[in-house]
Amino acid sequence: MSAASPHEEEVLGKAYDARLARRLFRYLSPYRGSLVAGIVLILFGSLFQLMGPALTAAALDVSIAPRAGAKASFVADLAAFVAGRLHWSLAGKSGVAFFAAAFLASLLLSFFLTYAQVWIVNLMGQRIMFDLREEIFAHIQRTDVGYLDRHPVGRLMTRLTSDVDALNELFTSGIVSMVGDVFSLLGIVVALFLLNPALALVTFLTLPLIVGFTAWFRKRSRETYRDIRVRLARLNAFLQEHITGMAVVQLFNRERRARDDFASINDAHRAAYVRAIFYYSVFYPGVEILSALGLGLIVWYGGSEVIRGALSIGVLVAFIQYAQRFFRPISDLSDKYNILQAAMAASERVFRLLDAAPEIVSPPAPARPRKSGRLAMEGVFFSYARGEEVLKNVSFAAEPGEKLALVGHTGAGKTTIASLFLRFYDATRGRVRVDGEDVRRFDLDDLRGRFAVVLQDPFLFTASIAENIRLGNRSITDSQIRRAAEEARAAPFIEKLPAGYETVLQERGGGLSAGQKQLISIARAFAFDPEILVLDEATANIDTETEMEIRDGLARLLTRRTALVIAHRLSTIRQASRIVVLHRGEVRESGTHAELLALGGLYAKLYRLQYRDQEALAQPAG
Amino acid sequence: MKDRREFLAFFRPYRARIAAGTLCILLSTGVALMAPSIVGRAIDGLKTSISAAAVLRFAAAILAIALVSGVFLFLQRRLLIGVSRDMEFDIRNDFFAHLTRLPLGFYREQRTGDLMSRAVNDLTAVRMMLGPGVMQSLNTVVTATIAIVLMARVDGRLTLLALATLPLTAGATKIVGQRIHVLFERVQEYFSEMSARAQENFAAARVVRAFVREESEIEIFRESNREYMLRNRRIIKVSALFYPLLQTLVGLSFVVVLWRGGRLVLDGRITVGRFVEFNLYLAEMVWPMIALGWVVNLLQRGAASWNRMREIRNREPEIRDVPPLVEGFTPRGEIELRDLSYAAGGAPILRDVSATIRAGSFVGIVGRTGSGKTTLVSLIPRLLDPPEGELFLDGVEIHRIPLADLRAGIGMVTQDTFLFSETLAGNLAYGSPDAEAEAIERAGEVAGLAPDVEEFPDRWQTQIGERGITLSGGQKQRAAIARAILRAPAILILDDSLSAVDSETEARIQSRLRDAAGRRTTILIAHRLSSLRDADEILVLEEGRIRERGSHAELVARGGAYAAMWDRQRLEEEVESA
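Chains as they are written, first to last, in the working numbering: chain A, 467 to 1088; chain B, 19 to 596.
Treat the hints as calculated values from the structure; they're not laboratory data.
Please note: incorrect hints may appear among the correct ones.
Chain B is nowhere near these chain A residues, computed Cβ spacing over 10 Å in every case [claimed, not checked]:
| # | residue |
| --- | --- |
| 1 | G558 |
| 2 | R593 |
| 3 | M595 |
| 4 | G711 |
| 5 | R815 |
| 6 | D821 |
| 7 | P835 |
| 8 | K962 |
| 9 | K1071 |
Computed footprint of chain B on chain A, listed as stretches where at least three residues anywhere in the stretch have a Cβ under 8 Å from a Cβ of chain B [said to hold, decoys possible]:
| # | region |
| --- | --- |
| 10 | 654-667 |
| 11 | 701-708 |
| 12 | 744-750 |
| 13 | 795-802 |
| 14 | 861-872 |
| 15 | 909-921 |
Each pair of labels, with its calculated beta carbon distance range [said to hold, decoys possible]:
| # | chain 1 | residue 1 | chain 2 | residue 2 | range |
| --- | --- | --- | --- | --- | --- |
| 16 | A | L675 | B | T66 | 41 to 51 Å |
| 17 | A | L675 | B | I166 | 30 to 40 Å |
| 18 | B | G131 | A | S730 | 19 to 29 Å |
| 19 | A | D801 | B | V256 | 44 to 54 Å |
| 20 | B | T523 | A | M623 | 16 to 26 Å |
| 21 | A | S730 | B | R240 | 45 to 55 Å |
| 22 | A | K1071 | B | N139 | 53 to 63 Å |
| 23 | A | S555 | B | I166 | 28 to 38 Å |
Using N, Cα and C, we set each Cβ at its ideal position, and we do this for glycine too.
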């Protein structure tokens, strides 16, 4: 995927793309039953909804104002048949009651059918969203760290939330109600034909006008809305920028100018809306006038037919009522265009995420060397971006049980080395070995399972302390958690908490001290009990209090394990059996603390600069 | 609703248009409601066999009514919705103008996102109240009044029966709407939880992978994903009810009219035409009544949003001109701090700082993060307000100097340099709109920006920011310096403004700045102490107090905190160059 422009998110494409649609249909297919049920229900629902005018017409012709010789409608015939079976008289008030009851019954039927349809279809939508979210989330779990470096969390969240919502719109309001709209329209057309073909044809004269007018309006309003969106974005950008930079505005006495500039952007935004208002102001009266035109045609032609005796008054009234129902489905249908367009754009983005195949994967036949705790780099080169080498020909080895400290300035490549052992990235050249085997030949889970990572600012999840130690590994029992906490010397403070191990941590472990957070992460390492430890100290700035808190637990964790320490603290460096000094991606010196001090090179300078003060601080403490 | 009077004030300029719009509602509705009776008379006429020509006249009348009513409907929308856009325009300008008057302290405590949401989302809700809200309310009142009168003229009792279900409709809309609202909030609540969970996972990608927790993370996510779905399904149960219920309740009125109205026709109390006419009136009433619940909602949301906007609007701009003022003040550049103290949110930041900075002198300020350096320099242009009687400029108490004059005399480069999305030249001339191209380029040269500009696509006219090129941190800082010196200020304040350029470039820029300075007072906050070697005086701040003061040589000789910092930095440079 190429570097995304900031506006990538807003691009809207076609409303229909066969390739995307086919792929989307795959998400629908497990719920075909719901889809079919939804469509059947909406068909019958709209059918009963259309009954009202027809029943009113029949009531007029049969019971309220019967006229000898006038041709009755098919609804009247049907009613006569049903009433006959029930031995119910359709004459006079008894007939009125019959038709009112039939009207009520069809209303209730339509109510239940429509309710069931909306319910079933929306449940289906929820299930599809559930599936999609899970697929996206699972995909992100397996994607490369490098991919996540390039894609900000906010964008991934958009894929998982708003894009999935846009697809839900398509499945719930889109497909099914489009079928419903089409059917309503067809239903009216068929009903009118059955009632009176000639009058139906006259009524349909307005149809092309309605369709054309609606299409014109939609096209225009879409254009103006595109304009509005652009201007609104400009308005918001200006506002955001000036809120952020208000100090500069004030320092440079630009308040008045800023207000003037804002007013003109604000005015452009308003002007775009005024155009939209115009189209809407034309559309609504236009709908009324076209309806009236239809009504006028019906009254004129239908009236003449009534005079001729070829049409009953009831049917005429039914026509009058149906003619007013044309608009909604047509207008709704054209509205669906936006839903389709948004859904296609969203699905394109979602699929692009899902199609980004991870490059760092387990080989088909992974090696499983015996766990010993040996680490090695042989002539390793690495760069995150082309041209900028972060590691240059790095070689070193750590024997089982050895404590290796990586020392160097920020940006010297220390953290990168740890990332390569865990195979977050692959080296561009050279070999990275764990337990004597190239990391690329490992099963990923097996490789990473051989390490425990302890960060100075550990990442704690919003979950209980026990969960944070177990990290979802169900095979770690509660008693193992307790033992790990004891080994880490975290147990005393945890057990003092009111809910103990079940204490739910705030976001990122807020409410705990830095030392306590780290103790939990040390306990985590004990619980997983790997043979290799990666210890990443983010800064040297750790207060003595914290240092005291964690010293014990950390020391116990380091025994019997191979440790790779990205070191900033003198105390940890001193414990190391060997120090590797990195400078601008290269190994510059290597040896014990005493050897390197005696060498008088880079480490000696770094020591004077960064660690001497710590020594001064550490002495009174112990 | 707060500040009703201020609210009404926004209506004042548009009184005439609102009155005209209301008149249009009356006319369009009044005319449109003539159609049913014409249809009714046509039908009655048909029963007594009228001429075809008469039928044609009826049809023409129906069309004519729609045309006339349509014209007023058009005008009504244009006038009333247009007014709401104009008022939105006014309110937004007013809101932004107020923002420009609020001091830095306000922006430090307010999140940008929150201000944006008030200026955008809340204003939209207010606009919806003013436009569709007001128009639809008027429409409902007018339509209901006229239609009920006309229906009652057909038959009083039938009217009562037909309308009995309409309040029920509006009530049901509101009740179901509220229930959906409550359930929706629960969904939203859980939504934030689910997305927080996912966000946390994405941010912790390395930890998840390092501990091989991918599968269990998927499982945990599945749980919250399922809970979210279940909560949504609870909403669906209610929300699926909404439209079918509405349709049924409205349909009920028609059932009642068919049943009772049919009997009235049979009893000869009304004609078939009147019966049809009555049905048509009812159809006209349906939408305004359904809309009632929606309108009430619009008005409530609008009022709540108006209150949220007023919370900001009612903030007093604390930093402003209060007489008596010294007219026509042009600063020379002498600054005096007399036991200057400053606190924010109850926490003292500066305590009893005293210093005299002579006009034309070069003063450095050093100290750890949080020692009060930035606060100290922000008090001079009154971005933050110092207490009365503790800060003087050329011997004048700072509050007596008109703000515009004070700031015009100061060029300040803040720590987080901020440039606007416009051309580079436009950014440089931000404080001096009349500057000539030549002057702009000279300032750019002094700030050491000229070599970079050669590489830019449109040189000085290159667009910066979102729609243009992105400057590096060092380029931004140099542009901000050029912007400040272009105003030829008597006082130049640089708050750690060259942190992102290397020390060699920094030294060159500094020497040029001094050459161009003339008699300018320069205050420099620096982390790199080498840049303060030529300072007349250096103030070392610690927890808001001056701990040491003196020239570079004096301070190094003293062997205190400054000397220790100097020592470290020299070593650091050695390591860097190793």
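Discussion item. Minimum C-beta separation from D821/A to chain B exceeding 10 Å: can you confirm that?
Written reply: Its Cβ never comes within 10 Å of chain B, the nearest being 18 Å, so this holds.
Fill in: Exclusion check [G711/A not at the chain B interface, CB over 10 Å]
The assertion about G711/A is violated, with a minimum of 4 Å to chain B.
Worksheet item: Taking 53 to 63 Å as the hint, is the beta-carbon distance of K1071/A and N139/B inside that range?
Response: holds (56 Å)
Fill in: Distance restraint evaluation - S555/A, I166/B, Cβ atoms, bounds 28 to 38 Å
This hint holds: roughly 35 Å between Cβ atoms.
Item to complete: Apply the coverage criterion to the region 654-667 of chain A and chain B: a residue qualifies when its Cβ sits closer than 8 Å to a Cβ of the chain, and three qualifying residues are needed.
Response: Three-residue rule not met by the region 654-667 of chain A, so violated; n is 0.
Practice prompt. Evaluate the condition: distance from the CB of R593/A to the nearest CB of chain B exceeds 10 Å.
Written response: violated (7 Å)
Discussion item. A range of 45 to 55 Å was offered for this pair. Does it hold for the Cβ distance of S730/A and R240/B?
Written reply: holds (51 Å)
Practice prompt. With 10 Å as the threshold, tell me whether P835/A passes as away from chain B on beta-carbon distances.
Written response: holds (17 Å)
Item to complete: Take the region 744-750 of chain A, compare each residue's beta carbon with every beta carbon of chain B, and decide whether three or more fall closer than 8 Å.
Response: Satisfied; 5 residues make the cut.
Discussion item. Between the beta carbons of T523/B and M623/A, is the distance compatible with 16 to 26 Å?
Written reply: Distance hint for T523/B, M623/A is violated at roughly 40 Å.
Discussion item. Count the residues of the region 701-708 of chain A whose Cβ falls closer than 8 Å to any Cβ of chain B, and tell me whether that reaches three.
Written reply: With 6 residues close enough to chain B, the hint holds.
Worksheet item: Do three or more residues from the region 795-802 of chain A put their C-beta atoms closer than 8 Å to C-beta atoms of chain B?
Response: Violated, because only 0 residues of the region 795-802 of chain A bring their Cβ atoms closer than 8 Å to Cβ atoms of chain B.
Hint compliance for this structure: hints 1, 2, 3, 4, 9, 10, 13, 14, 16, 19, 20 are broken, all remaining hints hold.
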